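Chemist: Here's the letter readout for the chains.
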Amino acid sequence: NAGVTQTPKFQVLKTGQSMTLQCAQDMNHEYMSWYRQDPGMGLRLIHYSVGAGITDQGEVPNGYNVSRSTTEDFPLRLLSAAPSQTSVYFCASSHRADTGELFFGEGSRLTVL
Amino acid sequence: GENVEQHPSTLSVQEGDSAVIKCTYSDSASNYFPWYKQELGKRPQLIIDIRSNVGEKKDQRIAVTLNKTAKHFSLHITETQPEDSAVYFCAGLDYKLSFGAGTTVTVRA
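In order, the protein sequence lines correspond to chains R and C. Each residue of the first sequence is one higher than the one before, starting from 1 at the first, in this note's numbering. Each residue of the second sequence is one higher than the one before, starting from 1 at the first, in this note's numbering.
What the hints contain is simulated information worked out from the structure, not anything from laboratory work. All values derive from a computational prediction rather than experimental measurement. Take these hints with a grain of salt, some might be off.
What the hints assert, rightly or not - Beta-carbon label-pair distances, calculated as ranges: (1) R:V88 to C:K57: 25 to 33 angstroms; (2) C:K57 to R:G3: 22 to 30 angstroms; (3) C:H7 to R:Q17: 34 to 42 angstroms; (4) R:F10 to C:E79: 49 to 57 angstroms; (5) C:S18 to R:K14: 42 to 50 angstroms; (6) C:Q45 to R:F10: 20 to 28 angstroms.
To be verified - Residues from chain C that keep clear of chain R, each with C-beta distances beyond 10 angstroms, as calculated: (7) Q6; (8) S9; (9) K22; (10) D49; (11) I50; (12) S52; (13) A70; (14) E83; (15) D84; (16) S98; (17) V107.
Ideal Cβ positions, reconstructed from N, Cα and C, are used throughout, including at glycine.
Chain C extracted, bound-state conformation (with noise of 0.2 angstroms):
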């Protein structure tokens, strides 16, 4: 099965600054890479996703970047705001979704 790792596991930056979390996977199979972000005790909620025939994906001030050859695939964060302080996990999915580890990111005022 898919084996996800995710790195960071803390990231702490500037409100305005940009954030990024990296996620490598195992199975080349995988064809579909979700993020998703999980505010203090609540539910994961997806943010982005991008599937395999794609490079990249922008929805405002998050984009998702996919390396298919290296097996990676990143978050980026441009502007960070306050709101944007959570746990962010990327995931893979082959013929099940497998969650990397969460990278916890604190957005400092």
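Pulled out of the complex, with its shape left as it was, chain R reads as follows (with noise of 0.2 angstroms):
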């Protein structure tokens, strides 16, 4: 088993460019989420999908877009990128949203010039 895969893992955007970070798990994990990390402010999540075809907004959606297509794959879209979104982003996964343990990809470390 990968566990749970990112990439890239380091990315330079201008700003106004769009990319998409990508995550998938191979764990047949019904939940799946994106945080992102900034200093001193903890894991601060941004969507979470609870199946295949089901998304919702956390705590900071803004900015982003997120699909579900299959139970494998949760993509991460920053539709015009701003200097706010430089940070490091996470997925996690786990095998139901309301039970047990998240498992973190390795981050992808993003600057918004």
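Join the two chains into one complex using the hints; note that each chain is given alone, in its own frame.
Modeler: In structure tokens form, the structure reads like this:
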């Protein structure tokens, strides 16, 4: 099992550019989520999904889109990158939303100039 | 939704001493409280968790206590070692997991 795989690990964007962070898990988890991590602010939930075809907003959804067409994949799209989106992004999954351990990907460090 | 506050933000302890991190939560419906450890440059990983029907749980040098009436829970690390140096996050679950801001623990040799 690869667990949760995120790509790319590093990315530099210019303001206004768009990009997609990829996330895939091979554990047949129903629940998938995206967090951003900023110094002193912990892990803030961007979007989450409780199953294929179902997505919902977290604490800080503005400027991001997600989709969940399959159980395995949960890409995060930045529509028009802004410097405030400079952060480390983590994808995480668990068997179900209301139980058990969240498994995190290795993280993607994004810099927006 | 849930709001989790975590204190202190930084904690420095002498090797062999104990470390205690405290968290409070707002939503009385929350029923699951995990703790994650994140080493420098790595991903967060679960170290211990507790459910609302239990008051205390222990795993070797790590323990978590939960006071549902006061809506707070704590992580206790005994006999700290250099490898305990990391950022620790508490979290609370109502319908989604909300994290505290993190505590940077430094164990001095």
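Chemist: Hint by hint, say whether it matches the structure.
Modeler: Hint-by-hint comparison with the structure:
1. As the Cβ distance of V88 (chain R) to K57 (chain C) is approximately 30 angstroms, the hint placing it in 25 to 33 angstroms holds.
2. Restraint check, K57 (chain C) to G3 (chain R): a C-beta distance of roughly 25 angstroms satisfies the suggested window 22 to 30 angstroms.
3. With their beta carbons about 39 angstroms apart, H7 (chain C) and Q17 (chain R) fall inside the hinted range of 34 to 42 angstroms.
4. A beta carbon spacing of about 38 angstroms between F10 (chain R) and E79 (chain C) contradicts the range 49 to 57 angstroms that was offered as a hint.
5. About 48 angstroms separates the C-beta atoms of S18 (chain C) and K14 (chain R), a value consistent with the hinted range of 42 to 50 angstroms.
6. A beta carbon spacing of about 21 angstroms between Q45 (chain C) and F10 (chain R) agrees with the range 20 to 28 angstroms that was offered as a hint.
7. Distance check for Q6 (chain C) against chain R: the nearest CB is about 8 angstroms away, which does not clear 10 angstroms, and the non-interface claim fails.
8. Its closest Cβ contact with chain R, about 7 angstroms, brings S9 (chain C) to no more than 10 angstroms, contrary to its assignment away from the interface.
9. Listed as a non-interface residue, K22 (chain C) keeps its Cβ farther than 10 angstroms from every Cβ of chain R; the least gap is roughly 15 angstroms.
10. At roughly 7 angstroms from the closest C-beta of chain R, the C-beta of D49 (chain C) falls inside 10 angstroms, breaking its exclusion from the interface.
11. With a minimum CB-CB distance of about 13 angstroms to chain R, I50 (chain C) clears the 10 angstroms threshold, and the non-interface call stands.
12. The claim that S52 (chain C) lies off the interface holds: its Cβ sits roughly 12 angstroms from the closest Cβ of chain R, which is beyond the 10 angstroms cut-off.
13. With a cut of 10 angstroms on Cβ distances, A70 (chain C) stays outside the contact zone with chain R, its closest approach being about 22 angstroms.
14. The Cβ of E83 (chain C) lies farther than 10 angstroms from every Cβ of chain R, with a closest approach of about 19 angstroms, so its non-interface assignment holds.
15. For D84 (chain C), the shortest C-beta to C-beta distance to chain R comes to about 19 angstroms, beyond the 10 angstroms cut-off, and the non-interface label holds.
16. A Cβ of chain R approaches the Cβ of S98 (chain C) within 10 angstroms, the least distance being about 7 angstroms, so the stated non-interface status is violated.
17. For V107 (chain C), the non-interface assignment is confirmed: its Cβ lies about 21 angstroms from the closest Cβ of chain R, beyond the 10 angstroms cut-off.
Hint violations for this structure: numbers 4, 7, 8, 10 and 16, all remaining hints satisfied.
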